[in-house]
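For chain F, the structure is supplied; the task is to place chains U and G on it using the hints.
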Amino acid sequence: MYGLRVYNSGWIMDSFFHQFGGTLFNEDRTKSLVNSSEIKEAMALWQKMVAEEVAVYQGGGDGSNMDAAGQVGLVMRSTGSIQWFKDNVTHDWGVVPYAIGPNRAVSLGGGNVYMIKRTTEQEQLAAWEFLSYLTTTENQIHWSLSTGYMVSRQSAFDSPEIQQILQDDPRYRVTYDQIQYSFARPKVEAWPEIEDIIQEAMTRIVLQGESVDILDQAALDIDELL
Amino acid sequence: MMFGRSKRITPVIIAIEIFLLAVVVLINLPFFWMLSTSFKPKPEILSYPPRLFPSAPNFNGYTYVWKLIPLGRYFYNSTVVSISIALSKIVLASLAAYAFAKIRFKGSKQMFYLFLGTMMIPMEVIVIPNYITLNYIGWLDTYRALIVPFVVGAFSIFLLRQFFMQIPRDLDDAAEIDGCGRLRYLFTIIYPLSQSALLTVFLYAFLASWNSFLWPLIVTNSDKMRVIQIGLKALQDSWMIEWNELTAASTVATLPVLIMFFFVQKRFLEGIAITGLKG
Amino acid sequence: MGRRAQIDNLHGWLFISPAIVIFTVFIFAPMGVAFFISLQKWNMLSPMRFVGLANYVKMIGSDHFWNSVRISMLYVLGTVPVSIGLAMIFAIMLNTIVHGIAFFRIMIYLPVVTSMAAAAIVFQYIFEPTFGLANYVLDVVGLERMMWLNDPNQALVAVVIVGIWKRVGYNTIILLAGLQSIPTYYYEAATIDGASRMQMIRKITIPLLSPVTFFVTVMQIIASLKVFTSIVIMTNGGPARGTDVLPYFLYKNAFEYHKMGYASAVAYFLFGAIFIFTLAQFRFGEKRVHYQ
Numbered sequence: 001m002y003g004l005r006v007y008n009s010g011w012i013m014d015s016f017f018h019q020f021g022g023t024l025f026n027e028d029r030t031k032s033l034v035n036s037s038e039i040k041e042a043m044a045l046w047q048k049m050v051a052e053e054v055a056v057y058q059g060g061g062d063g064s065n066m067d068a069a070g071q072v073g074l075v076m077r078s079t080g081s082i083q084w085f086k087d088n089v090t091h092d093w094g095v096v097p098y099a100i101g102p103n104r105a106v107s108l109g110g111g112n113v114y115m116i117k118r119t120t121e122q123e124q125l126a127a128w129e130f131l132s133y134l135t136t137t138e139n140q141i142h143w144s145l146s147t148g149y150m151v152s153r154q155s156a157f158d159s160p161e162i163q164q165i166l167q168d169d170p171r172y173r174v175t176y177d178q179i180q181y182s183f184a185r186p187k188v189e190a191w192p193e194i195e196d197i198i199q200e201a202m203t204r205i206v207l208q209g210e211s212v213d214i215l216d217q218a219a220l221d222i223d224e225l226l
Numbered sequence: 227m228m229f230g231r232s233k234r235i236t237p238v239i240i241a242i243e244i245f246l247l248a249v250v251v252l253i254n255l256p257f258f259w260m261l262s263t264s265f266k267p268k269p270e271i272l273s274y275p276p277r278l279f280p281s282a283p284n285f286n287g288y289t290y291v292w293k294l295i296p297l298g299r300y301f302y303n304s305t306v307v308s309i310s311i312a313l314s315k316i317v318l319a320s321l322a323a324y325a326f327a328k329i330r331f332k333g334s335k336q337m338f339y340l341f342l343g344t345m346m347i348p349m350e351v352i353v354i355p356n357y358i359t360l361n362y363i364g365w366l367d368t369y370r371a372l373i374v375p376f377v378v379g380a381f382s383i384f385l386l387r388q389f390f391m392q393i394p395r396d397l398d399d400a401a402e403i404d405g406c407g408r409l410r411y412l413f414t415i416i417y418p419l420s421q422s423a424l425l426t427v428f429l430y431a432f433l434a435s436w437n438s439f440l441w442p443l444i445v446t447n448s449d450k451m452r453v454i455q456i457g458l459k460a461l462q463d464s465w466m467i468e469w470n471e472l473t474a475a476s477t478v479a480t481l482p483v484l485i486m487f488f489f490v491q492k493r494f495l496e497g498i499a500i501t502g503l504k505g
Numbered sequence: 506m507g508r509r510a511q512i513d514n515l516h517g518w519l520f521i522s523p524a525i526v527i528f529t530v531f532i533f534a535p536m537g538v539a540f541f542i543s544l545q546k547w548n549m550l551s552p553m554r555f556v557g558l559a560n561y562v563k564m565i566g567s568d569h570f571w572n573s574v575r576i577s578m579l580y581v582l583g584t585v586p587v588s589i590g591l592a593m594i595f596a597i598m599l600n601t602i603v604h605g606i607a608f609f610r611i612m613i614y615l616p617v618v619t620s621m622a623a624a625a626i627v628f629q630y631i632f633e634p635t636f637g638l639a640n641y642v643l644d645v646v647g648l649e650r651m652m653w654l655n656d657p658n659q660a661l662v663a664v665v666i667v668g669i670w671k672r673v674g675y676n677t678i679i680l681l682a683g684l685q686s687i688p689t690y691y692y693e694a695a696t697i698d699g700a701s702r703m704q705m706i707r708k709i710t711i712p713l714l715s716p717v718t719f720f721v722t723v724m725q726i727i728a729s730l731k732v733f734t735s736i737v738i739m740t741n742g743g744p745a746r747g748t749d750v751l752p753y754f755l756y757k758n759a760f761e762y763h764k765m766g767y768a769s770a771v772a773y774f775l776f777g778a779i780f781i782f783t784l785a786q787f788r789f790g791e792k793r794v795h796y797q
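Protein chains in written order, with our numbering: chain F, 1 to 226; chain U, 227 to 505; chain G, 506 to 797.
Isolated chain F (complex conformation) (with noise of 0.2 Å):
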């Protein structure tokens, strides 16, 4: 049993570096700050709780596995898995903002949609077409309704459906109570290969031992990649 799950998503971490002030780029996102002072304490701060086994470093499915078995107190998920919980979790739970650092912040978003410009104009209309089915009002209550996920039409938000839910289980009011704290992730071209580079220092310095200072080097790697 552990008081808390962490895991090196990039969705979480994000968010957890946040709320102790530390961003992963700077303004115009030419330069990685994953190195500076504020990142540094908050993965001081994992692994010490991991050293301690205060908290368990575990993301994937078999994380999925201890949420569910009831193995971990608190756990840093996305609002989109309040229906899985449902689904799944056979204990009582409750949803709370994202509160381990000194501020409050959530990173808001999720995998977006995208239609591509370099297409012929037969496939533009197609990917409207799409996209606009994805959006009606009654497709963004079903998806919301399926997952926890936030609604992207205020029309949807309104809908009798998600009010409904609004009052009935409180778990979901916190998607929207934390809009207040949320901030966007940063868009960088080498995202895939950025991850990559923070998690396993991430990993290295939790379940190793490494000292926080290896995050300089992971700094200067993803410098080259911007």
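By construction, these hints were calculated from the structure, which means they are not laboratory data.
All C-beta atoms, glycine included, are put in the ideal place defined by N, C-alpha and C.
Some clues are possibly wrong.
Listed next, with one range per pair, are the computed distances between beta-carbon atoms [as the list claims (entries may be wrong)]:
| hint | chain 1 | residue 1 | chain 2 | residue 2 | range |
| --- | --- | --- | --- | --- | --- |
| 1 | F | Gln124 | U | Phe488 | 35 to 45 Å |
| 2 | G | Asn572 | F | Gly70 | 33 to 43 Å |
| 3 | G | Ser567 | F | His142 | 38 to 48 Å |
| 4 | U | Phe413 | G | Val530 | 53 to 63 Å |
| 5 | F | Lys117 | G | Pro586 | 46 to 56 Å |
| 6 | U | Ser281 | F | Asp169 | 33 to 43 Å |
| 7 | G | Ser567 | U | Leu397 | 56 to 66 Å |
| 8 | F | Tyr176 | G | Val642 | 47 to 57 Å |
| 9 | F | Gly3 | G | Ser567 | 33 to 43 Å |
| 10 | G | Ala785 | U | Phe488 | 34 to 44 Å |
| 11 | F | Val96 | U | Tyr369 | 23 to 33 Å |
| 12 | U | Leu247 | F | His142 | 53 to 63 Å |
Simulated crosslink set (BS3-like; lysine-lysine; CA at most 25 Å straight-line) [what the hints assert, rightly or not]:
| hint | chain 1 | residue 1 | chain 2 | residue 2 |
| --- | --- | --- | --- | --- |
| 13 | F | Lys187 | F | Lys40 |
| 14 | U | Lys293 | F | Lys86 |
| 15 | F | Lys117 | G | Lys546 |
| 16 | G | Lys731 | F | Lys187 |
| 17 | G | Lys546 | U | Lys459 |
| 18 | U | Lys459 | U | Lys293 |
| 19 | F | Lys86 | U | Lys268 |
| 20 | G | Lys546 | G | Lys563 |
| 21 | F | Lys117 | F | Lys187 |
| 22 | F | Lys31 | G | Lys546 |
| 23 | U | Lys450 | U | Lys268 |
| 24 | U | Lys450 | U | Lys293 |
| 25 | F | Lys31 | F | Lys187 |
| 26 | U | Lys492 | U | Lys459 |
| 27 | G | Lys563 | F | Lys31 |
| 28 | G | Lys563 | G | Lys731 |
Just chains U and G now, kept in the frame of chain F:
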């Protein structure tokens, strides 16, 4: 035989046999574990110490996984692709093998070695250009992408050539006197004589294709085209790890080749030994 | 040239032409194209930019690349000797016993025909640290539990074990065939001279088996350098690059980071490494096969 033809049953030999039995049990333990887990009720999957057998076997793993991913479609895709590759390998490789074994033509030796040389180039190395080619001609995520690059292979040509060379010359001469065309000779005389070699080629090709991973991982991306091995990966990437579902899907992905292997193991193992010992 | 010879030439080339087309399009040409791409900076969206040998220079200077070289070498060193050593023992035993030889041959070979993706999933379950079978065995034997796939160093041990499991059957069958091809009169003569079993294994079996052993060794080195599926399923190269073998490094750079030029340079490096062992097999393997 190592110690002469007449082996006597001694205690040492019995001991070795028992040891080997233990080895075989250990090696096959993962198969047992896969089957056993796939029939276990949920709580027993995560129980410790692990339970050897499910207390009350059920098919939930299988029925759930069937709902979660289009396993039937994946299975069908794997079958279509593997059979197409194996059949076309028989036809196209036997054509080339026939040429190398029975026809004297200029450059045949050089071409044969060039063909053998293709075995030195691993898929891992040429996967990028091949992906780019298929992307360029719009074949990504189609059966063609999964099948066409493998319709013929040097190994099959080599195997069949060795076999065709053993077919006596008299037969060739007789066919010629009859005015039998080469294609007809190949299909009506050589094929019936080479059933075992052709079957071996079919088996190797089917197996290699059924189990292949890297190439289908790269060239397919829709559920419609995914083969079963990649389906396993997709299932594993989903949110929660349900071991009974994963092992159920793994069983479905493994069973066809295991069954096939049991039916033809003799020919198969002989083929392996021959290729290993120099053809 | 006679008419007959002309027809033979025509037929010969016609019969091999399908193979020529396939090999040219999907093997020979790609070798050239791969080299061409390795000289470019290209993400498949923006136009290619010629950079000369920059990708190779970058590769040589990259810690991540050398980490992958190291991991691949460790994987080879972990898998090859053990899978061949065990196979040698099994083969000698199989060649000695009386009952159930066919049965043992089949059962030992099952992992070889099994799909690696499926096997890797089952092994992932076996290596699960809290309730997995592997730690249960350690508990029963009284050894310390391991973190297996969750630990950067132990993960490599786990994938090596899977590699050995997958290959030992193939090696056994080939070595067994090699054993069976050793003429019995060597042993008969040795028996008359009063040699012991161990002496016969040391003085007759192992030396006469050396060409076959050489063959399986090379085959296993090449196969180990190409290991990919078990890595993708079990570890994704992690944790902390602890199982980031070269083919996985290549795959990631090409199909996740979209650095096609850089990945092609890595592909050429991998090709070179594999090529050396293939050549070794062709040059030395063939010569030493005739041991009599």
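The hints, checked one at a time:
1. F/Gln124 with U/Phe488: 35 to 45 Å: Given a distance of about 54 Å, which is not inside 35 to 45 Å, the answer is violated.
2. G/Asn572 with F/Gly70: 33 to 43 Å: 38 Å, holds
3. G/Ser567 with F/His142: 38 to 48 Å: 47 Å, holds
4. U/Phe413 with G/Val530: 53 to 63 Å: The hint (53 to 63 Å, Cβ to Cβ) is violated, given that U/Phe413 and G/Val530 are roughly 26 Å apart.
5. F/Lys117 with G/Pro586: 46 to 56 Å: Since the Cβ atoms of F/Lys117 and G/Pro586 sit about 55 Å apart, the hinted range of 46 to 56 Å holds.
6. U/Ser281 with F/Asp169: 33 to 43 Å: 35 Å, holds
7. G/Ser567 with U/Leu397: 56 to 66 Å: Once the Cβ atoms are compared, 60 Å apart, the range 56 to 66 Å for U/Leu397 and G/Ser567 holds.
8. F/Tyr176 with G/Val642: 47 to 57 Å: 50 Å, holds
9. F/Gly3 with G/Ser567: 33 to 43 Å: 39 Å, holds
10. G/Ala785 with U/Phe488: 34 to 44 Å: 36 Å, holds
11. F/Val96 with U/Tyr369: 23 to 33 Å: 50 Å, violated
12. U/Leu247 with F/His142: 53 to 63 Å: 57 Å, holds
13. F/Lys187 with F/Lys40: 22 Å, holds
14. U/Lys293 with F/Lys86: 19 Å, holds
15. F/Lys117 with G/Lys546: The given pair, whose Cα atoms are some 22 Å apart, holds under the 25 Å limit.
16. G/Lys731 with F/Lys187: Violated, at about 34 Å.
17. G/Lys546 with U/Lys459: 30 Å, violated
18. U/Lys459 with U/Lys293: Satisfied, since the Cα-Cα distance of roughly 16 Å is no more than 25 Å.
19. F/Lys86 with U/Lys268: 17 Å, holds
20. G/Lys546 with G/Lys563: Within the cut-off at roughly 12 Å; holds.
21. F/Lys117 with F/Lys187: 18 Å, holds
22. F/Lys31 with G/Lys546: At roughly 22 Å apart (the allowed maximum being 25 Å), G/Lys546 and F/Lys31 satisfy the hint.
23. U/Lys450 with U/Lys268: Given that 25 Å is the threshold and the Cα spacing comes to 30 Å, the pair is violated.
24. U/Lys450 with U/Lys293: It holds: about 15 Å lies between the C-alpha atoms, which stays within 25 Å.
25. F/Lys31 with F/Lys187: This hinted pair holds, its Cα atoms lying about 13 Å apart.
26. U/Lys492 with U/Lys459: Judged against 25 Å, a Cα distance of about 32 Å means the pair is violated.
27. G/Lys563 with F/Lys31: 20 Å, holds
28. G/Lys563 with G/Lys731: Holds - the C-alpha atoms of G/Lys731 and G/Lys563 are around 22 Å apart, at most 25 Å.
Hint check: violations occur at hints 1, 4, 11, 16, 17, 23, 26; the rest are consistent with the structure.
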